[in-house]
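S.K.: Quick note: the sequence shown, position 114, residue 114 per the numbering used here, numbers continuous.
Be careful, since some hints might not be right.
As the list claims (entries may be wrong) - Just the calculated beta-carbon pair ranges, DEER-fashion:
1. Arg153 with Thr112: 25 to 31 angstroms
2. Glu178 with Gln128: 22 to 28 angstroms
3. Gly26 with Pro113: 42 to 48 angstroms
4. Asp97 with Lys126: 16 to 22 angstroms
5. Asp89 with Asp133: 16 to 22 angstroms
6. Trp171 with Gln134: 22 to 28 angstroms
7. Thr127 with Leu147: 17 to 23 angstroms
8. Arg169 with Ala136: 18 to 24 angstroms
9. Arg169 with Asp97: 16 to 22 angstroms
Derived by calculation from the structure, the hints in this document are not laboratory data. Backbone N, C-alpha and C fix where the C-beta goes; we use that ideal spot for every residue, glycine too.
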Amino acid sequence: MKNERVGRDQLAALGVTVIVASLAVGFLAIGCGQQQSETATTETGTIQSADAGKAPVAANTAASATGMKEATPQAGRAADAAGDSMPPDVLAKASADYVTPGEIVEITAQGTPDVVEVILKDGGGKTQPLHYDQAAAAWRARYRVPLHPATERFGLSVTAKNAQKLQQRVWVFLQVREAAVGEAAGTAAEPDSQ
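Please work from the sequences and hints to get the whole structure.
M.R.: Pasting the structure below:
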């Protein structure tokens, strides 16, 4: 009898907890929805109020877009959040596609205006920053091809970051040529002459 009563009390407490949790979720959903539906802009440039009883007011598309950003703080925050949530865009290239071991290659990257840092990495563990060249409006670095590259073709990653630490990575691939026959013969003959 006592076990039955304890079981019913636990079941009642569970039911009350479920009801309270459901009400809390409902109130949170209503509160969040109310903030977002204060004003809205449709794709045709018509500004509509959240109230169903009011008729929409037609406006110029360009004027409504700028007016909405300035009129409500929520619209400004949404626009800032949309701009902040995009990673930067970057293009990179090397001064030469075919390189020899030990050669110095210039890596040039162009990025969107929000880029604050560009990093160059190779597969061998080397990391170096690119420096911004104001005159060329580009990021630049000089990279020395390893004397003994692991493969004939290797990639360099170029990563651009913005102030929000969002990043975009692109690859620059270099094809390693063998050293000229005369250079190879001179290198091979040197140990024999000693």
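S.K.: Next, verify each hint and record whether it holds.
M.R.: Here is what the structure says about each hint:
Here the CB-CB span from Arg153 to Thr112 is close to 29 angstroms, well matched to the stated 25 to 31 angstroms. Checked against the given bound of 22 to 28 angstroms, the beta carbons of Glu178 and Gln128, roughly 26 angstroms apart, stay inside it. For the hinted restraint 42 to 48 angstroms between Gly26 and Pro113, the CB-CB distance of approximately 44 angstroms keeps it satisfied. In this structure the supplied range 16 to 22 angstroms holds for Asp97 paired with Lys126, their Cβ-Cβ distance being about 20 angstroms.
For the pair Asp89 and Asp133, the supplied restraint of 16 to 22 angstroms holds, since their beta-carbon distance comes to about 18 angstroms. Distance hint for Trp171 and Gln134: a CB-CB separation of about 26 angstroms, consistent with the stated range 22 to 28 angstroms. Judged by the Cβ atoms, the range 17 to 23 angstroms given for Thr127 and Leu147 holds: they are separated by roughly 19 angstroms. In this structure the hint that Arg169 and Ala136 lie 18 to 24 angstroms apart at CB holds, the actual value being about 22 angstroms.
About 20 angstroms separates the C-beta atoms of Arg169 and Asp97, a value consistent with the hinted range of 16 to 22 angstroms.
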